[in-house]
Structures are given as structure tokens and as C-alpha cells.
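Student: Sequence:
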Amino acid sequence: DNRKWDSPLLPFIPYPTSCHSDLPLPNTRLRGLRPGQRLQLGVPMADPDTGVPVPILAVTIHPQTGLVYPLGGTHVCPLTRLPQPIQTGYPMLDSRTGNVVLTVGVSLDPVTGAVLPVGGVLLSESVIEPLSGRMVRVGGYQALLDSKVLAVMFKVLELLKPLTEEWGSDQTLQRHQGSERGSGRQDHLLAASKELQQAWGRSLHCQLQLQTRLDILLNWAESIQQDGGILGEMPLLGSDMRVPALLGMEYPDPMGSGLSVPVLGCQTDLSSGIMIPLAGTM
5 DNRKWDSPLL PFIPYPTSCH SDLPLPNTRL RGLRPGQRLQ LGVPMADPDT
55 GVPVPILAVT IHPQTGLVYP LGGTHVCPLT RLPQPIQTGY PMLDSRTGNV
105 VLTVGVSLDP VTGAVLPVGG VLLSESVIEP LSGRMVRVGG YQALLDSKVL
155 AVMFKVLELL KPLTEEWGSD QTLQRHQGSE RGSGRQDHLL AASKELQQAW
205 GRSLHCQLQL QTRLDILLNW AESIQQDGGI LGEMPLLGSD MRVPALLGME
255 YPDPMGSGLS VPVLGCQTDL SSGIMIPLAG TM
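Residue numbering for the sequence shown follows my numbering, beginning at 5 and increasing consecutively.
If you are wondering where the hints come from, they were derived from the structure by calculation, not from laboratory data. All values derive from a computational prediction rather than experimental measurement. Hints should not be assumed to be uniformly reliable.
[To be verified] Each computed DSBU-like pair below joins lysine-lysine, with the alpha-carbon atoms no more than 30 Å apart: (1) K198 to K165; (2) K152 to K165; (3) K198 to K152; (4) K198 to K159.
[As the list claims (entries may be wrong)] Taking CB as the label site, the calculated pair distances span: (5) R42 to T285: 25 to 31 Å; (6) W204 to G260: 24 to 30 Å; (7) E162 to I280: 56 to 62 Å; (8) D53 to L194: 49 to 55 Å; (9) V125 to R42: 37 to 43 Å; (10) G188 to P15: 29 to 35 Å; (11) G284 to Q68: 36 to 42 Å; (12) S11 to H192: 24 to 30 Å; (13) V104 to L148: 47 to 53 Å; (14) L167 to V104: 52 to 58 Å; (15) Q230 to I280: 36 to 42 Å; (16) V160 to G232: 50 to 56 Å.
Positions of the beta carbon are idealized from the N, C-alpha and C atoms, including for glycine.
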């Protein structure tokens, strides 16, 4: 079914259970889907702790209630030492080795139920899949699409072989390509070529998305090198001072509510070109 290839597969993470009773952990901070929210890999969701928009990287299901929880969150970036959304391909600190590695997914802390980044594996590296216990190799959605393209290519080649043989030997079929046998095989070949076109298009689209993410990561690294990755400046109420705004850090609400609010992002003023941090209350 080609519809299964339209969007990336959403990893499933088992819901954490108590080591003493095998019951689901009662005090997790997981939140369910909001009305109208799509459950799809990479779609934005709100971090339960900070409210910062983060991408959905996995899903879990409560074993008793059956509620579905999207998984995403923030972590401390090892380069900036600041909270940052967990994103595939971004750096994280491997707690086992102490090395900086690239994030490939998320997991759930078995004690607290917190969403944690997972990284440190390489493409084609062998790992044990936790649900089945089988040895598998690290791949991804792009590898899945590439394998689909190769499978359809072989299908097209198998359909071409008898046609090329017939066209080379049967002169009547060459003059009358509308015959029942030739027309039927050509119809199958036309359907397979359309399937190849769709599979190839999905693969190229995924490659473009990967290239875009790599460009974003490169720009982010360059901004950290230049100015520490600041998102403009936040004014301090009651004074003329302004301080650098950093994603996820809390500042006094510029609207004057007296609350501390996190920086959720930024936008550029079209007239002045100044970067304006987004934080406040409503």
C-alpha cells in the first residue's frame, strides 16, 4: 500500500512502569494531543515543562487508559549549556560516555517518565531492537524510501524483459502494439513506471528536507560561533537595560505581569531588520 509511505514512521516507546509493581508510573508530565493536533513525526507540540514548541519524535500509549501521548521535549545543549528542543541531528551529551553525539530519537526515563534524547549510533550500526529483541541495523525514513525505489526499479526491469524479447522477435507485435498480450503487459509497465515516479519523488523530497535540516544546523552552529545564538534582546522593566535573549531561558514578562516567561522563539522586524524575541503572557 503506497499510502503507508506518504509520511515518516512514528517510533513507539513503551510506557514506563514501576519496577516494584509493573504498574504505569503515576506522576509523569506527559500530555495528550490537543484538539486538531496531528500525530505525525516532526509536527510541533508544546513541551510540557516549558511550553516551548518542540517536534514530535515518538509516541507512547498508556497501558491502562489507552491514551496516546506524543513525545517531545527539551534538553540542555552541550555547546551552549542552555535549554533547547530535542531535535534529530542536533548535538546532545551521551550520559554513558560523556561524549557529544548527534540525536537520533527519544526515550522515556524509567524512573521519572521524563523524555530524554537518544544518540550515539551511526547509520548501518547493529543494535538490539528493544521490543522484539532482534538484531537490527540503524536506518531511517530515507533508507526506507530508497529501498522502495530499488524494489520498484527491479519490478520495472522484470516487466521490461519479456517486452524487449517480444519486440525483438515478434514483428507482428511491433506493427500491432494494441494486441491483447502486448497491451496488457504495457499497461502493467505503465502502472509500474508511475509507481517508480511516485517513489522517486518521495525519496527526493525527503533528501531535500534532510538537506534543509543540515543547512539549519549549520546556520545554528555559525550563529553560536558568532554571538552565542542569541535571539535579540529582552528589555528589563523599570530600567533602560536590555539583556541577550536565549531560547528557553526565563525573563521578566515584558508585558508587566510580574511573571517569569520563557523565550519561545523570535521574529525579524521587516522595517528595521532587528530580531525580536517572542515571550510574554496572554
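Student: Between E162 and I280, does the C-beta distance stay in 56 to 62 Å?
Tutor: This hint holds: roughly 59 Å between Cβ atoms.
Student: Holds or violated: 25 to 31 Å for the Cβ distance of R42 and T285?
Tutor: This hint holds: roughly 27 Å between Cβ atoms.
Student: Quick one: are W204 and G260 within 24 to 30 Å, going by C-beta?
Tutor: Roughly 56 Å apart at Cβ, these two residues miss the hinted range, so it is violated.
Student: Per the hint of 24 to 30 Å, is the separation of the Cβ atoms of S11 and H192 within bounds?
Tutor: holds (28 Å)
Student: Has the given pair, K198 with K152, been kept, meaning a C-alpha gap of at most 30 Å?
Tutor: Between K198 and K152 the Cα gap is close to 13 Å, so the pair holds against 30 Å.
Student: Okay, V160 versus G232 on CB: inside 50 to 56 Å?
Tutor: holds (52 Å)
Student: Can you confirm whether the C-alpha distance between K198 and K165 stays at or below 30 Å?
Tutor: holds (18 Å)
Student: Range first: 52 to 58 Å. Now tell me if the beta carbons of L167 and V104 are that far apart.
Tutor: holds (54 Å)
Student: Does the Cβ-Cβ separation between V104 and L148 fall within 47 to 53 Å?
Tutor: violated (28 Å)
Student: Would the hint linking K198 and K159 be met if the CA-CA limit is 30 Å?
Tutor: Holds, at roughly 12 Å.
Student: With respect to the beta-carbon atoms only, verify the hint that D53 and L194 lie 49 to 55 Å apart.
Tutor: 54 Å Cβ-Cβ, so the 49 to 55 Å window holds.
Student: Using the C-beta atoms of Q230 and I280, is the stated range 36 to 42 Å upheld?
Tutor: Given range 36 to 42 Å: violated, Cβ gap about 19 Å.
In terms of the numbered hints stated before, the structure departs from hints 6, 9, 10, 13, 15, listed from lowest to highest.
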